[in-house]
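Peer 1: First to last, the protein sequences are chains A and B. For the first sequence, this note's numbering gives the first residue as 1, with consecutive numbering after it. For the second sequence, this note's numbering gives the first residue as 1001, with consecutive numbering after it.
Hints were generated in silico from the structure; no laboratory data involved. Even glycine gets a Cβ: it sits at the ideal position worked out from N, Cα and C. There could be a bad hint or two in this list.
[As the list claims (entries may be wrong)] Derived SDA-like pairs (lysine to any residue); straight-line CA-CA distance at most 20 Å:
#1 1105/B with 329/A
#2 319/A with 1101/B
#3 1119/B with 206/A
#4 1105/B with 309/A
#5 1105/B with 405/A
#6 1105/B with 406/A
#7 1119/B with 233/A
#8 307/A with 117/A
#9 85/A with 373/A
#10 96/A with 388/A
#11 307/A with 1101/B
#12 96/A with 391/A
#13 1035/B with 1196/B
#14 349/A with 134/A
#15 1119/B with 230/A
#16 319/A with 1072/B
#17 1105/B with 1072/B
#18 1105/B with 65/A
#19 319/A with 1115/B
#20 1034/B with 1210/B
#21 1105/B with 231/A
#22 319/A with 1060/B
#23 1119/B with 209/A
#24 1119/B with 227/A
#25 319/A with 1082/B
#26 1105/B with 320/A
#27 1105/B with 323/A
#28 96/A with 394/A
#29 85/A with 65/A
#30 1105/B with 1146/B
#31 1141/B with 404/A
#32 96/A with 398/A
#33 1116/B with 349/A
#34 1119/B with 235/A
#35 1165/B with 1194/B
[Said to hold, decoys possible] Here are some chain A residues pointing at chain B (derived, C-beta under 8 Å):
#36 309
#37 314
#38 315
#39 331
#40 393
Listed here are the chains, written in short residue letters.
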Amino acid sequence: MHHASNTMAQNSTNIPFYRDIRFLKVFFQILFLIGLILLAGFLYSNMLHGLRRQNLPLDLSFLSSEAGFGISEGIDYDPADSYLKAFWVGVVNTVKISIIGIIFATVFGFIFGIARLSSNWLIRNIAAVYVEIFRNIPLLLQIFFWAALTRALPMVTNSITISDSIVLNVRGIYLPTLERTPEFNTWLSYLFAGIILAIIVVFVLAAFRHFGRLSEVHHTDRPSFISDIIFGTKWAAAPTFLIVAIAGLFLTSEPPFVVNRPELQGFNYVGGMNFTPEFSALLIGLTVYTSAFIAEVVRSGIQAVVKGQREAARAVGLKESQVLRLIVIPQSIPIIVPPLTSQYLNLAKNSSLGTAIGYPELLHIGHTMMNQTGQSIPIFGMIMASYLIMSLTTSAFMNWYNYRITRIGRSS
Amino acid sequence: MTENTTNDPIIICEDVHKWFDDFHVLKGITTTFKKGEKAVICGPSGSGKSTFIRTINRLEEHQRGTIIVDGIELSNDLRNINLIRQEVGMVFQQFNLFPHLTNIKNITLGPIQVRKMSKSAAEEAALALLDRMGIEDQAYKYPAEISGGQQQRVAIARALAMEPKIMLFDEPTSALDPEMISEVLDVMRELAHSGMTMLVVTHEMGFAREVADRVMFFDEGVVVEEAAPADFFDNPQHERTKLFISQTLQH
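I would like the entire structure built from these sequences, with the hints used as guidance.
Peer 2: Here it is in structure tokens:
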């Protein structure tokens, strides 16, 4: 026995380096890294050489020169502005359609996903048809279809109007908005006062609950002061704030908001909010397509909750709606979030297809810039970096959310 | 027969049949359970024993025959199903605790949502139940943070919190490590002495001999033999029963 352990000890100290796992692990990683650097260096010098041959120096000074081309929609911009400003318009348009698209796709995705599991035959099958149609036709084709449909809308003078507020015509979709009046700032101060008051109420209530309970006989699980504050926030803060906010509405001399409806003036509608035909077509395309995938994500998330959970909930006497709301949905959210994140990222990246129907998003504007300056490599780099930043921000947020909801104890 | 069994019937089954597609799982079960009775149901896997107790709170639907629980017939009437589920507690092999809720919330969910009990009253009752189960200190943990034996005791407390008249146990110790089986059986023994009507599907023959008023042996969807535990174990009548007993008692 003594002899055996002695030889083993000898073995572990005298390993030749070419057999030592610890050495080999590091060695191969360094080798791989060197190879990667050499490859990147080769590609980079090759690119510089090619650019020099075409007489295109690699620098970004062109960004400050005048763009000289118009952009059909987006934040304030003039053709006399710089290329950088034009690029920024594209970034904002991409972010705008992505955020609105994600919100709509989530809402419709959840509705159709839950509907697919309905016990009602008609609802279940309508949802199934929706999902199967829209996720099995190429997105680009769908966007072209919606674009054709928006172009087929009537001329301005024959616009379709819905209850005098929503207007559809060849120039796009018009929706009413809420506009601030001069009294808005007065109302804002009421809101501020409401927040202050709510905080005071929460603390006073928490103090009463907490110190009132101190007199009770020793109780092992008396809630902490923090939990009393949370309780107060839930039950007292929101009502207090709402009461002050609503009172503020009546106390201001005129309403802080007015409804601004689109109205026909001359040959065009003014007022309200206008979604251009391109924006509308892209938004509908992205929403419908992505919501079909989200519906499947939601359905599989709900079905992934083990059967025993439903049975246990039923055995306790819960109604079917309570089983879904209290037991199944809360457990399916952590299953849904990771694939949902992928769908959000897909939607944001797919918004680049807007370039095909003339929606001035990132790729569309980038393309125009390339055509005018010839600086395709730096512009491609900027576009890719922009998408990368947007996507990484989205996943970072979703990962944080996922971490937060999965942290609570889970078994089986 | 234990001291607290009465003669009032609480569950009446008449010619209960059940099919899973073409597979005839229950082939006409007719039996009556009395208030306070403890029945142990055993048999090989696939014999229909679990399916049978699951028909009693409508987790499985029977296709022929009648089941009357505490005077209410189990039919497709949603109201009856909900009423019966409030009277019948169930404990599962895999515990099936709700992993996203703390142990105490697992227990108070039914009383608050179904019985419309106040939160404080429900929590007080839940703590008393956990105390009875010997795990009061685990109340504010999540199911994943406690042992299997403790989880099964929380599951028993969850069922008891609805103050049921009948308790169904579907192989409550089969998923437990050997050293945790006894802590669950102890709780079940205590419950039996309190006069609860219990239907227990189990392979724990020691428990059956000690606690049961009646042992029922299921095979291929029928009750092959039923008797008081002493007769059942020491003097089985059917060949199939004899074989089963010799196989189960071998280890």
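Peer 1: Does residue 1165/B pair with residue 1194/B here, judged by a C-alpha cut-off of 20 Å?
Peer 2: Between residue 1165/B and residue 1194/B the Cα gap is close to 12 Å, so the pair holds against 20 Å.
Peer 1: Would the pair residue 1116/B and residue 349/A pass a check requiring their Cα atoms to be no farther apart than 20 Å?
Peer 2: Roughly 49 Å separates the two Cα atoms, so the pair is violated.
Peer 1: Is the Cα-Cα distance between residue 1105/B and residue 309/A 20 Å or less?
Peer 2: Given pair residue 1105/B, residue 309/A holds - Cα atoms ~15 Å apart, limit 20 Å.
Peer 1: Has the given pair, residue 85/A with residue 373/A, been kept, meaning a C-alpha gap of at most 20 Å?
Peer 2: Roughly 15 Å between the alpha carbons, so the hint for residue 85/A and residue 373/A holds.
Peer 1: If you draw a straight line from the CA of residue 1105/B to the CA of residue 1146/B, is it 20 Å or shorter?
Peer 2: holds, 15 Å
Peer 1: Should the hint that residue 309/A touches chain B count as held when the rule is a Cβ pair under 8 Å?
Peer 2: holds, 6 Å
Peer 1: Against the 20 Å threshold, does the CA-CA distance of residue 349/A and residue 134/A hold or violate the hint?
Peer 2: This hinted pair holds, its Cα atoms lying about 18 Å apart.
Peer 1: Run the distance test for residue 1119/B versus residue 227/A: straight-line Cα separation, threshold 20 Å.
Peer 2: Holds - the C-alpha atoms of residue 227/A and residue 1119/B are around 16 Å apart, at most 20 Å.
Peer 1: Hint check: residue 1119/B vs residue 230/A, CA-CA at most 20 Å. Holds or violated?
Peer 2: The given pair, whose Cα atoms are some 17 Å apart, holds under the 20 Å limit.
Peer 1: With the threshold set at 20 Å, check whether the alpha-carbon distance from residue 96/A to residue 398/A stays at or below it.
Peer 2: Holds. Residue 96/A to residue 398/A sits at ~18 Å (cutoff 20 Å).
Peer 1: Assess, step by step, whether the Cα of residue 319/A is no farther than 20 Å from the Cα of residue 1082/B, and give holds or violated.
Peer 2: holds, 8 Å
Peer 1: Quickly compare the C-alpha distance for residue 319/A and residue 1060/B to 20 Å and report which way the hint goes.
Peer 2: holds, 16 Å
Hint compliance for this structure: hints 17, 18, 33 and 40 are not met, and every other hint is.
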